[in-house]
Amino acid sequence: MNQTNKTLSLYHKLEKYPFGNKLFSIMVSRIAPYFATINPKISELIPNQCTCLIKKRKKVFNHIKTVHVIAICNGLEMAMGVMAEASVPKHLRWIPKGMTVDYTAKAGSDIRCVAKVNAEDWQPGDMLVDITAYDENDVVVVKGNIKLWISEKPIT
33 MNQTNKTLSL YHKLEKYPFG NKLFSIMVSR IAPYFATINP KISELIPNQC
83 TCLIKKRKKV FNHIKTVHVI AICNGLEMAM GVMAEASVPK HLRWIPKGMT
133 VDYTAKAGSD IRCVAKVNAE DWQPGDMLVD ITAYDENDVV VVKGNIKLWI
183 SEKPIT
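Under the numbering used here, think of the first position of the sequence shown as 33, with each following residue one higher.
Source of the hints: derived by calculation from the structure; they are not laboratory data. These figures come from a predicted structure and were not determined experimentally. We put the beta carbon where it would ideally sit given N, CA and C, even for glycine. Among the hints, erroneous ones may be present.
To be verified - Here are the simulated lysine to aspartate or glutamate pairs, DMTMM-like style, with alpha carbons at most 20 Å apart:
1) 91 - 167
2) 179 - 153
3) 179 - 162
4) 38 - 167
5) 179 - 134
6) 122 - 158
7) 90 - 142
8) 88 - 167
9) 73 - 142
10) 73 - 47
11) 122 - 168
12) 91 - 76
13) 97 - 153
14) 97 - 142
15) 88 - 47
16) 90 - 168
17) 97 - 76
18) 138 - 158
19) 129 - 153
20) 54 - 76
21) 90 - 76
Unchecked claim - Distance windows between CB atoms, simulated:
22) 188 - 102: 18 to 28 Å
23) 68 - 140: 32 to 42 Å
24) 184 - 94: 16 to 26 Å
Construct all of the structure, not just a fragment, from the sequences and the given hints.
The following block contains the structure:
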């Protein structure tokens with residue numbers, strides 16, 4: 033666990049303030065602008081786990097007025113990326129290699145996207161991050177994993 037991590041420190045600093053989680057989420061969306069398309073909010077960040085909320089609103093609807101699965105995948109990728117940045121050991125780096133998801137139910141409400149990994153999984157090579165999206169009744173609407181490539185940082 034990397035307690036001096038800049039991402040985790042910034043999150044903990046901002047979460048103490050009203051709208052701090054929203055401000056943190058906006059900052060992440062400025063670094064990776066595509067995330068802003070879902071108006072996400074990081075609601076929880078601890079080492080090796082992150083939760084991102086997506087509000088059900090017209091901007092993320094599909095043709096049947098449920099939350100589009102690609103919007104959910106965007107939220108899951110944001111949760112994974114923030115979790116990885118807040119959790120990766122200092123001597124390692126990560127890059128995503130792929131995402132595998134199953135659509136398990138209609139997403140007819142706000143969506144909670146969770147990405148988590150075990151601390152001991154941070155080893156060079158492929159690492160699978162479990163991703164799950166839940167509706168407001170805790171029904172799983174999307175589940176799967178994101179494969180990361182973990183490598184040693186070059187010595188400079």
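How the hints compare with the structure:
1. 91 - 167: Given pair residue 91, residue 167 holds - Cα atoms ~17 Å apart, limit 20 Å.
2. 179 - 153: 12 Å, holds
3. 179 - 162: 9 Å, holds
4. 38 - 167: 31 Å, violated
5. 179 - 134: Status holds; Cα separation ~15 Å.
6. 122 - 158: 18 Å, holds
7. 90 - 142: Measuring from Cα to Cα gives roughly 12 Å; hence the hint holds.
8. 88 - 167: The given pair, whose Cα atoms are some 10 Å apart, holds under the 20 Å limit.
9. 73 - 142: 11 Å, holds
10. 73 - 47: 12 Å, holds
11. 122 - 168: The given pair, whose Cα atoms are some 36 Å apart, is violated under the 20 Å limit.
12. 91 - 76: The given pair, whose Cα atoms are some 24 Å apart, is violated under the 20 Å limit.
13. 97 - 153: 38 Å, violated
14. 97 - 142: 12 Å, holds
15. 88 - 47: 23 Å, violated
16. 90 - 168: 17 Å, holds
17. 97 - 76: 27 Å, violated
18. 138 - 158: Not OK: residue 138 and residue 158 at ~31 Å, beyond 20 Å, violated.
19. 129 - 153: Answer holds: residue 129 to residue 153 is near 16 Å, not above 20 Å.
20. 54 - 76: 11 Å, holds
21. 90 - 76: 25 Å, violated
22. 188 - 102: 18 to 28 Å: 38 Å, violated
23. 68 - 140: 32 to 42 Å: 23 Å, violated
24. 184 - 94: 16 to 26 Å: 42 Å, violated
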